[in-house]
Every structure is written in C-alpha cells, then in structure tokens.
Amino acid sequence: MSMKAQLINNKQEILEQWLEEVENKELMHYSKTISEDLIGRTNNELIDTIFIALENETGANDELQQFAEKIVNLGWPIGYITEGMQVFRSVSIKTILEKNSDANKDYFLNVMDEVNQIVDPIKTYLINQYSTNWDNIVSLQKLALEELSAPLIPVMDDITVMPLVGTIDTDRAKLIMENLLSGIVKHRTDVVLIDITGVPVVDTMVAHHIIQAAEAVRLLGATCILVGIRPEIAQTIVNLGIDLSNFPTKSSLSKGFQTALQMTDKHIISSNKDGQNLEQIMEAIEKE
Amino acid sequence: MNETLSSVPIRKEWDIVGARQTGRNWAKDLGFGSVDQARIATAISELARNIYLYAKVGEINFERLDSVPSIGLKITARDQGPGIKEVSKVMKDGYSTSGGLGAGLPGVKRLMDEFDIESTDAGTVVTVIKWTRI
Amino acid sequence: MRIPILKLHDYLLVSIQVELDDQSAMEFQEDLLKKIHNSGATGVVIDLTSVEVIDSFIAKVLGDVVSMADLMGAKVVFTGVQPAVSMTLIELGIYLKEVPTALDLEQGLIKLRQELEEK
Numbered sequence: 243m244s245m246k247a248q249l250i251n252n253k254q255e256i257l258e259q260w261l262e263e264v265e266n267k268e269l270m271h272y273s274k275t276i277s278e279d280l281i282g283r284t285n286n287e288l289i290d291t292i293f294i295a296l297e298n299e300t301g302a303n304d305e306l307q308q309f310a311e312k313i314v315n316l317g318w319p320i321g322y323i324t325e326g327m328q329v330f331r332s333v334s335i336k337t338i339l340e341k342n343s344d345a346n347k348d349y350f351l352n353v354m355d356e357v358n359q360i361v362d363p364i365k366t367y368l369i370n371q372y373s374t375n376w377d378n379i380v381s382l383q384k385l386a387l388e389e390l391s392a393p394l395i396p397v398m399d400d401i402t403v404m405p406l407v408g409t410i411d412t413d414r415a416k417l418i419m420e421n422l423l424s425g426i427v428k429h430r431t432d433v434v435l436i437d438i439t440g441v442p443v444v445d446t447m448v449a450h451h452i453i454q455a456a457e458a459v460r461l462l463g464a465t466c467i468l469v470g471i472r473p474e475i476a477q478t479i480v481n482l483g484i485d486l487s488n489f490p491t492k493s494s495l496s497k498g499f500q501t502a503l504q505m506t507d508k509h510i511i512s513s514n515k516d517g518q519n520l521e522q523i524m525e526a527i528e529k530e
Numbered sequence: 278m279n280e281t282l283s284s285v286p287i288r289k290e291w292d293i294v295g296a297r298q299t300g301r302n303w304a305k306d307l308g309f310g311s312v313d314q315a316r317i318a319t320a321i322s323e324l325a326r327n328i329y330l331y332a333k334v335g336e337i338n339f340e341r342l343d344s345v346p347s348i349g350l351k352i353t354a355r356d357q358g359p360g361i362k363e364v365s366k367v368m369k370d371g372y373s374t375s376g377g378l379g380a381g382l383p384g385v386k387r388l389m390d391e392f393d394i395e396s397t398d399a400g401t402v403v404t405v406i407k408w409t410r411i
Numbered sequence: 063m064r065i066p067i068l069k070l071h072d073y074l075l076v077s078i079q080v081e082l083d084d085q086s087a088m089e090f091q092e093d094l095l096k097k098i099h100n101s102g103a104t105g106v107v108i109d110l111t112s113v114e115v116i117d118s119f120i121a122k123v124l125g126d127v128v129s130m131a132d133l134m135g136a137k138v139v140f141t142g143v144q145p146a147v148s149m150t151l152i153e154l155g156i157y158l159k160e161v162p163t164a165l166d167l168e169q170g171l172i173k174l175r176q177e178l179e180e181k
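Chains as they are written, first to last, in our numbering: chain P, 243 to 530; chain B, 278 to 411; chain F, 63 to 181.
Simulated from the structure, these hints should not be mistaken for laboratory data. Remember, predicted model here, so these are calculated numbers, not experimental data. Heads up, a few of these hints could be off.
Calculated lysine-lysine pairs in the BS3-like style (CA-CA distance at most 25 Å, straight line) [claimed, not checked]:
| hint | chain 1 | residue 1 | chain 2 | residue 2 |
| --- | --- | --- | --- | --- |
| 1 | B | K362 | P | K416 |
| 2 | P | K312 | P | K253 |
| 3 | F | K173 | P | K428 |
| 4 | P | K416 | B | K369 |
| 5 | P | K384 | B | K305 |
| 6 | P | K428 | F | K159 |
| 7 | F | K96 | P | K492 |
| 8 | P | K416 | F | K159 |
| 9 | P | K428 | B | K289 |
| 10 | B | K305 | P | K416 |
| 11 | P | K365 | P | K336 |
| 12 | B | K369 | F | K159 |
| 13 | B | K351 | P | K416 |
| 14 | B | K386 | B | K362 |
| 15 | F | K159 | B | K386 |
| 16 | P | K508 | F | K69 |
Build out the structure end to end from the sequences listed, making use of the hints.
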C-alpha cells in the first residue's frame, strides 16, 4: 500500500493527533491577536485542504488555491503554515510507523522520504503564495513611494519649490536629484527652494545628499535655498559638524520665498490701494 | 548568465571617445536611463584615459549580465602596463600623479554600483558593473 | 576639428557642439586664450548644452580655462550644463566651485554683465 493510501486510510487518526498537537504547540501564541474560534476553524480548513490535496492526484488544486488566497488575504502569520505542515509531517510519519510494527531502518527512511514528497509540495505552494503576495506589495509600495518622491512645483517665473517628505536613502536621493535637475532645466528656474520640513531625520548621509544636490544645481546655473530647518534639525546639523555654510538656509518656506524674491529682483505688491488697511491688519495680528 | 557584447582596443587618444560612445550605446540598448548613460560613459572615459596615460595600450570589454530583477552592464578595463603600486592611495580622493583632478578611480567607484581592481607589475584589471534600476 | 569662437561686442561666445576629446579640449583652451588676447574681450560665455560627457580631464581643462582667462582679465561663464552631466560631475567629486554658471546663453550674458559691473 502506498504511503499516500496509508495516510488517507488513517485520516481520522492523523487529523485528531494533528489538531491536538497543533493546539498543544501553542501555535496559538498568535491567539493574542486572533480569536480562538477563528484559529479552530482555520486549523480544520488547513488539515482538510491537505487531505484534499492528498486525495487529488494532480497535487495543486482549487481547494489549496482558495485556502492559500484566503489566509494570505487575512494576513495569517506564515509561521502558522510552516509549523502546521511540520506537525503534519511528524504526525504522518509516526502514524505510519506505528501501523507497521515490523519497520526496519530502510522502511523508516522510505517513509520519511515519501512523506516529505507529499508534504513539501503543499508547503512550498503555500509559502510561494505568501512570497508572491509580498513581492507584489513591495513593488507596489516602491512605485507609490517613487510617485510621492519629489514633485517640483513652479510657484512663479524663476522660482520653484521642492518639498521633501519622509526618509531619504541613497536611491531616493538620486531620484530626487534627477527630478530636481531636469525640472530646473525644463522650467528654466533661477531659484529652487528645497523644503525639508517633512524630513524626519537629517544625518550626515542625508545632509551629504542635500549638499550634493545643491552643488549640482549650481553647476546648472541656478541657486538652491534650503528651507524648513526645524530647531532639532539645526541642532543635529551643527552637532554632527556638517557644513551648510555654502548655500543659503532659512527656517521656513515663507522666509526662503522672500529671499528668492530678492534674488530674482521681484516684489509682491498688494493690489489693495489703501495700503494703510493692510498695515492695520498686520498690526492687529501682531498684537494678538 | 554573461554575454560578451564587444571589446574596444585603447591605443590612441581618440579611442577614449570611441570607448565611451560604445559604452553609452550599450547602456542605451540595455535600457539604462539618460543619467545612468552619462555615469557609465564618464566612468569609461576615466578608465580608458588611465589605460592611455599609464599603460599606453589596453582594452575595454563590455558584457551583459542577466540577473533578476535587473540587467547589468559589466565593463572590464585591462592593460599590461606597469601596474599601480599603491592601490589604496589611488582610491583616495584628490590623489593624482598626472596633474589631473585626482577624481579618477574613486569617482568611477561612486558612479558605478560595483567596483573591483587588481593590479600587479604585469598589468591592471579594473572591473565595474552598473545595474539597471527596477 | 576646431571649435568656433564668435565675437559679440566685448564678449566671446562659444558653443561646444562636438564630442570633446583631450586633443580638441587642449586646442580649444589655446584658441580661446589667443582670441581673448587678440580681441581684448572682457567676458566669455561657453555653452555646453550639446556636451554629453565631461570627465575629470575635460573638467580640469575647462576649470583651467576660467582661471587662465581670469588672469588675462576676462570673466568666463558656463551655460547649459545638462542635468546628467552635472550629476555625474558631482558624483565624481568635481564641484568646479570657482566656475560661474548660468542656465542659458541669455542668463549667461546677464551674469557676465553683473560680474563685470561688480569689479
């Protein structure tokens, strides 16, 4: 009798042992986040799916596929699958050996081998489903990140703003630099304000990339102003001994914008002819 | 899997330009973006010039590396010149024996993704690889 | 292959349209200095829009041109450096800090006028 047939014949026994061991295994340390009821149901589904896969000659089948889809979508821990399959392997081997009391070493090895050949494809299939899903997520997120990466916003003739948000690594820094430089050439920008308000940490590496970007901008014939320097960023920059003295920095975007206006010989003139009004409003604001 | 694309001999000064044009074309064929094409062409220019200045004769080899998920362009600069006595020194920024800017080899390392140099008194082999971005 | 150098009032205009090899870069350096000497030009705009590769040698030749012209009393401004070229130079570690730059020919002429007025 083939191993497969032996497993199927002893289905009930294996099933019970498996459920018991899986529960004992405290596989269930996941139970903190998942209800016991759901775990129980998934346990039953997994063992059923395994047996359906066993009984099915072709191996991978609709049930396995559906089960995989379901647990991947639920975000079920992958450790559950590997442990569950491991338990199934040992329970199966034990059961078959117990049924064959005359088992010798060769027979034992034979059992190991055949059970592995039954268990591994199922396990591999399930794990592949997980990893494919992860790959998809990672590449989607990477794409999303690239789209978010570095928009260059023309504010007026000669002045553009590039707001940076999030952590900057080497790959992103290169992408940002490419966008920045091609944008400057495209919009014929004289002054570009790089706003780092949304950059959580400025370490030597990030500072180095920003300095390089500013130097590259200068080679094109434009000027960079670094704005959005929060107090803690100023502290780290000085404490790390990073020299940013070569290009202008401002605490806020609006201050930087005023500098940019000066550099490009521009003024903002209020269209309200009654200039006093504006002054009064400004005074009122300051008093508050 | 590696596939040799072509090989450009470096004997005269104009070959430096020839080598970097060949490299740029291969880079374009393999799907590199315009900035990476410039990086690759510039790196080749530095390597070819080193051959021309210090060994007089040598060659630049181009190979395509098929890998997942990127494709690589591998460039090997080989000569039978006197070799570099202190490799660690030439890898420092600002070191120059030719009166240049001393940006050559460390610059090439920064332009490319992988960099390897082997130098003996029988010659020098510099191998660099650039991978396409995914 | 000589690079043409045009004269416009007190300025010289150069647009580099060929792939620069070492020889032609050196010849260009020589030609430009001679032309500055002969014409008494006070400003030079060198347009690099069509230049796709600047390696450390060419960068050195171009940087030297600026210092040499300066000694002869002429200001040089580079214009039209391509983004890819600029990034590559920075990664090579070549900053050309002493070299004035402008986005295009028009901006370059404005910059020259400003620099010369400051003197």
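Here is how each hint holds up against the structure:
no., hint, in the structure
1, B:K362 <-> P:K416, "violated (34 Å)"
2, P:K312 <-> P:K253, "holds (24 Å)"
3, F:K173 <-> P:K428, "holds (20 Å)"
4, P:K416 <-> B:K369, "holds (23 Å)"
5, P:K384 <-> B:K305, "holds (24 Å)"
6, P:K428 <-> F:K159, "holds (24 Å)"
7, F:K96 <-> P:K492, "violated (45 Å)"
8, P:K416 <-> F:K159, "holds (21 Å)"
9, P:K428 <-> B:K289, "violated (38 Å)"
10, B:K305 <-> P:K416, "holds (19 Å)"
11, P:K365 <-> P:K336, "holds (19 Å)"
12, B:K369 <-> F:K159, "holds (20 Å)"
13, B:K351 <-> P:K416, "holds (21 Å)"
14, B:K386 <-> B:K362, "holds (19 Å)"
15, F:K159 <-> B:K386, "holds (22 Å)"
16, P:K508 <-> F:K69, "violated (32 Å)"
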